[in-house]
Amino acid sequence: MTYRYPLRATINGTLRSIDVSSTQTLLDALRWDLGLTGSKECCAEGECGACTVLVGGQAVNACLVLAVEVDGLEITTIEGLETGGRLSRLQDAFLETGAIQCGFCIPGMVMAAQALLDENPHPRPDEVRDGLAGNLCRCGGYQRIIDAVLLAAGPEVTDEAAEQQATVQQATVQQATEGLSA
Amino acid sequence: MKAFAYARPRSLDETYDLLDEAGPGDVRMIVGGTDLIVGLQGERLTPRLVIDLKHMHDLPAGITHTPERVSVSAVTSLSEVIADERIGALFPGLVEAAQTVGSIQIRNRASLAGNVCNASPAADTAPALLAYDAVVVIASRAGARRVHVGDFILGPRRTALAPDEIVIALELPKPGGPSGAKFARLTRRRGVDLATLSLCCTVGPRRTRFAFGALAPRPFVVDDDSGVLADPAGNELTRERILHEITDQARPISDLRARADYRQAMVLVLSRRALRSALILRDTASTAPTEGGA
Chain R
1 MTYRYPLRAT INGTLRSIDV SSTQTLLDAL RWDLGLTGSK ECCAEGECGA
51 CTVLVGGQAV NACLVLAVEV DGLEITTIEG LETGGRLSRL QDAFLETGAI
101 QCGFCIPGMV MAAQALLDEN PHPRPDEVRD GLAGNLCRCG GYQRIIDAVL
151 LAAGPEVTDE AAEQQATVQQ ATVQQATEGL SA
Chain L
1 MKAFAYARPR SLDETYDLLD EAGPGDVRMI VGGTDLIVGL QGERLTPRLV
51 IDLKHMHDLP AGITHTPERV SVSAVTSLSE VIADERIGAL FPGLVEAAQT
101 VGSIQIRNRA SLAGNVCNAS PAADTAPALL AYDAVVVIAS RAGARRVHVG
151 DFILGPRRTA LAPDEIVIAL ELPKPGGPSG AKFARLTRRR GVDLATLSLC
201 CTVGPRRTRF AFGALAPRPF VVDDDSGVLA DPAGNELTRE RILHEITDQA
251 RPISDLRARA DYRQAMVLVL SRRALRSALI LRDTASTAPT EGGA
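Taken in sequence, the protein lines are chains R and L. Numbering follows our numbering, in which position 56 of the first sequence is assigned residue number 56; successive positions increment by one, without gaps. Numbering follows our numbering, in which position 31 of the second sequence is assigned residue number 31; successive positions increment by one, without gaps.
One or more of the hints may lead you astray.
[What the hints assert, rightly or not] According to the in silico footprint, chain R covers these stretches of chain L (three or more CB under 8 Å from chain R):
1. 35 to 44
2. 97 to 104
[As the list claims (entries may be wrong)] Label-pair ranges, simulated between beta-carbon atoms:
3. Gly35(R) with Glu68(L): 51 to 57 Å
4. Arg69(L) with Thr2(R): 41 to 47 Å
5. Glu68(L) with Gly85(R): 54 to 60 Å
6. Gly57(R) with Gly88(L): 20 to 26 Å
7. Arg16(R) with Thr64(L): 32 to 38 Å
[Stated by the list, open to error] Only part of the chain L face toward chain R is listed, based on derived beta-carbon distances under 10 Å:
8. Ala3
9. Phe4
10. Ala5
11. Val50
12. Asp52
13. Asn108
Think of the hints as simulated: they come from the structure by calculation, not from any bench. In this text, a Cβ means the ideal position worked out from N, Cα and C, and glycines have one as well.
Please construct the entire structure, taking both the sequences and the accompanying hints into account.
Now the structure itself:
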């Protein structure tokens, strides 16, 4: 006997409708029914974080959520971070720092980091460590992963820097227009 | 996982209907599911019906404050409890304990009520809830009843909940007067791990209380009303004797996390440290300006 239920959820910005069994986890539904195999299954009991996805913007272990529970909710997986075939700044940072060794933990690491940065755009190194405490890397490549998140976050003065840049741009435009009017 | 039906009631009444229909068979409630789903996966739990409590209009998630107490709805996540600044100010030991549960991913799903209902001897929040005299609010069609958390947890994975009842909230009476609290926990590694032992120490003007986890079939409390522990200048030998008497009440088992004699030795060490921290916190809090109207 199986019990099946309709599931309508916004997955990576697209409304998807499927039928799921009550015994399916969100991770199973993503990987097997929706073909989103970026989220990985490793421990399947909430220890390792390889299956981390965002539900309603919050990082959760997809292996510890029943698929039927997310009916009506918004899910973001690793596949949802790119825009128009371009990786996100965070994903680029993982490549740039060489944070990816075997790669198995990386989708979960990136999603946990994304949740951290959404809440705290400029975390300190210890905040990054805390933010990723639910994710294990079997290669032990933690330092470069932390470096990647810090690189993506950029220096804490980003707002000021942006302001400075705007002032410089304004001055350039002013100079140029002055030149035109002279 | 063995097959089960899933229900998403929209009200408490609908939930009671479901419980009536299901009869005394194996029904499980889901809020965060972080313990339940592990049990389902290993088929240690094989319910015929799983009821999702997160969609009832008359049981919303949230934390309500009244002058006497704080009420945490049963569908409130641990992350919400940790983020509530007033809970942090009133019950710092509870927030410390909640922060040690699993990982961020777990705490975003897991509920405080679920941690109690799961009734693990090693439940991280149980010692803190015991230390703060938390009350479990239980509802059924017959009405609501309130049970002290120490009477609610009966033993490993056993609670005082009847088949026609659900837990709707946890209530914490607001502490009067200056108090200090410290949660302490021993684990094999930092991060996601179950407690080898845990404790919460609270110190008021005279009473010192220890609540222990993973040291007996269920969490338990020991009070010292002599005033010796609560006095930072108290006689050191007397203090040690009382600490030994208190921690000797532990009845630990040997398991994969530690041997019983190691737990017994460590509970004394952690209790001593937690007491010292709680005393410092009490004495700095009582000299700090108090928050008006809290």
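Verification of the supplied hints:
no.: 1; hint: 35 to 44; result: holds (count 4)
no.: 2; hint: 97 to 104; result: holds (count 3)
no.: 3; hint: Gly35(R) with Glu68(L): 51 to 57 Å; result: 54 Å, holds
no.: 4; hint: Arg69(L) with Thr2(R): 41 to 47 Å; result: 44 Å, holds
no.: 5; hint: Glu68(L) with Gly85(R): 54 to 60 Å; result: 58 Å, holds
no.: 6; hint: Gly57(R) with Gly88(L): 20 to 26 Å; result: 23 Å, holds
no.: 7; hint: Arg16(R) with Thr64(L): 32 to 38 Å; result: 36 Å, holds
no.: 8; hint: Ala3; result: 5 Å, holds
no.: 9; hint: Phe4; result: 6 Å, holds
no.: 10; hint: Ala5; result: 5 Å, holds
no.: 11; hint: Val50; result: 7 Å, holds
no.: 12; hint: Asp52; result: 6 Å, holds
no.: 13; hint: Asn108; result: 4 Å, holds
Checked against the numbered hints above, the structure breaks none of them.
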